[in-house]
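Novice: Sequence order for the protein chains is A and B. Just so you know, our numbering puts 102 at position 102 of the first sequence, and the rest follows in order with no gaps. Just so you know, our numbering puts 39 at position 39 of the second sequence, and the rest follows in order with no gaps.
Don't read these hints as lab results, they were simulated from the structure. Any given hint could be a false lead.
Said to hold, decoys possible - The calculated SDA-like cross-link candidates involving lysine to any residue, where the alpha carbons are at most 20 angstroms apart (straight line), are:
hint, chain 1, residue 1, chain 2, residue 2
1, B, Lys109, A, Pro396
2, A, Lys116, A, Tyr28
3, A, Lys527, B, Gly46
4, A, Lys384, B, Asn112
5, B, Lys39, A, Asp529
6, A, Lys531, B, Ser68
7, A, Lys344, B, Val130
8, A, Lys280, B, Leu127
9, A, Lys619, A, Leu645
10, B, Lys39, A, Ala528
11, A, Lys400, B, Asn112
12, A, Lys531, B, Ile81
13, A, Lys400, A, Trp247
14, A, Lys531, B, Pro40
15, B, Lys109, A, Trp375
As the list claims (entries may be wrong) - Cβ pair distances, simulated, as ranges:
hint, chain 1, residue 1, chain 2, residue 2, range
16, A, Gly616, B, Leu113, 42 to 52 angstroms
17, B, Ser44, A, Lys384, 24 to 34 angstroms
18, A, Asp77, B, Phe111, 43 to 53 angstroms
19, A, Gly616, B, Leu124, 49 to 59 angstroms
20, A, Gly318, B, Leu124, 29 to 39 angstroms
21, A, Arg118, B, Leu124, 15 to 25 angstroms
22, B, Asp93, A, Tyr81, 45 to 55 angstroms
23, A, His66, B, Asp93, 47 to 57 angstroms
24, B, Phe111, A, Ala445, 38 to 48 angstroms
Don't be surprised by glycine CBs; every beta carbon is placed ideally from N, CA and C.
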Amino acid sequence: MNQVGSVGLIAALAFAAYALVAGAVGGYLRSPRITRSAERAAWGFFLMITLAVAALEYMILTNDFHNAYVAEHSNRDLLTYYKVAALWAGQEGSLLFWTWLLSIYSALVVWQNRRKNRQLMPYVVSVLMGTGTFFSLLVFFVANPFQELAVATSTGTQAFTAPDGNGLNPLLQYHSMVIHPPMLYLGYVGMVVPFAFAMAALITRQLGDNWIRITRRWTMVPWMLLGTGILLGGNWAYAVLGWGGYWGWDPVENASLLPWLAGTAFLHSVMIQEKRGMLKVWNVALVILTFFLSIFGTFLTRSGIVSSVHAFAQSNIGPFFAVFLAIILFFSVTLLFLRLDHLKSENKLDSMVSRESGFLFNNWILLALVFAIFWGTLFPVISKAIENTTVTVGAPFFNKVAIPMGLLLLLLTGAGPLLAWRKTSFQSIRRNFTAPLIVAGAAGAVMFAEGVRNLYAWMTLFLSVFVAVCILGEFWKGAHTRMRTASENFAVALYNLTMRNTRRYGGYVVHIGIVLLFIGFAGQAFKADTKGLMQEGDLLRINNYELRLSELVSGDNPNYEYTRAIFSVTKNGEAFTSMHPEKRFYKASQQPTSYVAIHPTLSEDLYVVLAGLDPGTNKAIVQVFVNPLVMWVWIGGVVTLLGTLLALVPSRVEREMAEMRLAQEMIVQAGDAF
Amino acid sequence: MTGVTGKTDCSKTTRGLASAILLSTLLGASLARGAEARKPTVESIGNEVQCTCGCVAPVNQCPMLNCSEKAEIRAFISKEISEGKEEKTILQDLSLRYGLQVLSAPPAKGFNLAVWILPGLGLLVGLSLVVVIVRRWNSKPADESPAPPATYDPKVLAAMEEEMKSAGLH
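All chains should be modelled from the sequences, with the hints used to inform the complete structure.
Specialist: This is the structure in structure tokens:
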């Protein structure tokens, strides 16, 4: 199977390199025949990488321990779905997986555009396959997962088949880890598609509405997947790492947030270009930045230049990524400068109080946040290089910098959509903002009376109410207008209103999701924790909870040994629940891990960690957290996901417009052929 | 004709920017006040100190079982608190004992000042860019040409009117 995988990789590399050149040549010579051949090569790339992935998965699932990667990252007793996930557990496999996702995206783009965007496609294929060539080179020559396991002997190295593998890292043996990396990678890799269309539009000088429409949709998909991946990662950290939190401002977490924030800025500023023909250079720059940050995130995770709990071991692939990043930057920025004349703004800003200015401020803060996080993440490397001093830049720095900016963004989440395009009158501001301000003010007063004294938490909750009333008010007003004009009941009016402009109302749902996320974040200000050494029968109190350690049970299964603590919990003196945290010891990898017990409710999570047994007394080391409002983070994530899906559904008007555009393009193509 | 006079725009721009800066300043000031008012505890300082066992996590979040370094650092913090020392002094003592990397964020001194200053500077540079963009847009001559005569089909106009009404734009 190693040979099959290697043949797949080398053939994929050949297809990608051919498509890279043929795409560029086909575009330059305007040859449909060469362009089609480049597209077929992109299909070939997809098929060959799929073959390589299938070969590796086959070896993992059949416990083929003469493959070094399989022996390192799997073992016989690993559950099947964790075996499937072993594909992305290590450097080599995850790079292959990255390349496979790229091949899937490329095939989708080629298929979707087989009859449209024909002038852009040669260069789109060329850029996609340029990226494919880079990753294929990396996977084949630098981080090849199809190496035989070998042992050193007196006469050299000798192939060797291990009786069992080292197993999957225990921290990865959690259900959300099975889907977290694929989601994250789909987000990272997907950003190559908008970049490819932007580059094709710059090369062909077709910088009208078309490329921006395609790019917006192709940015929303990976943006949504990246966001989902980030939240799943947070869920994993919360449930597995056992420190009671879901976000630690780790460099690798930051690396995933950067392209998401840049993509968010693009998804907002693109609307100014669509509506007013402004910010054209800025939008191309944001597409470039988003893709750059996606590759930078991959580089940061894998190069070992920063210390991180998530990072892969230090490897030699850093310089290759650095060169690729330099090529991306040089190629795209040069092209952007060469096309500045084609990217002139068609309109001017009519007023500082308008939707356009709202988007400008939104972009200002998002980009400042990107810069601050980028800078903080890289500062230890810079400090080491310049001062030869090792420093840490962690949560205290990022919280101080990001929270105020986040609050400004939250304010714009509600205020922005209520501002009119071009100019918003004072009367309109008064009409739109009076009710949200009154409701938020009342909520703020209640929160203060209830004892909320943490300034940031109070501001977050105050702004959340303000934004929620602003956004829900938009739904209410729109539905009531329909009820009057179309004689519909409220539910039907709300449905028709949303489906007639899915993009607008999907966006509003996303904003509601963001509000819920912020409510969840505010809960961090009120968390409480305690710890203790406990033996059977002991009590531990926290807030209005009382935990009694009923029993300590030890056990064994083929994968791990465990110690389980069984707690009976009372709340306000009444029976509440039973919780069973575990300490596990994985046999194959010889590593311990915690299995946290969480009792989630809408108001707060009770979170119990069995850290282990005290060696001196053999008592259980127990840590308990009460984490308020965490559930709203996950609910907010789901609402954001649903809102994005809604915005992706073409509205009736959009479908008709798309059909008209396709018909027009086919007429033009027929004319050209004639 | 969609433009407004440069002077009015300028004053509106200034007002908008002044409000943004004021808001940012208020946030910053309240942050500083919050930090001053905090009393040190092992938990609060434990979040600002990295564990030295190699786990790459703050002391409070170190996932290692029976981590002796975590226990030692926590004991050190506890001792300093019992001696009545303030958070700033305890952090200083920790950095003297374990090196600067033990702090989760470097002190705002010397070269490390850059890590604290640049985000704010970035925010201001970004704001300047927004101002430049807005000024450049506004300095463009307004389109004085008369609006083209309406040549749309009255049926299309009626449909658009209906669409806007149903979307709540009227």
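Novice: Where does the structure disagree with the numbered hints, that is, which hint numbers, in rising order?
Specialist: Per hint list: 9, 21 violated.
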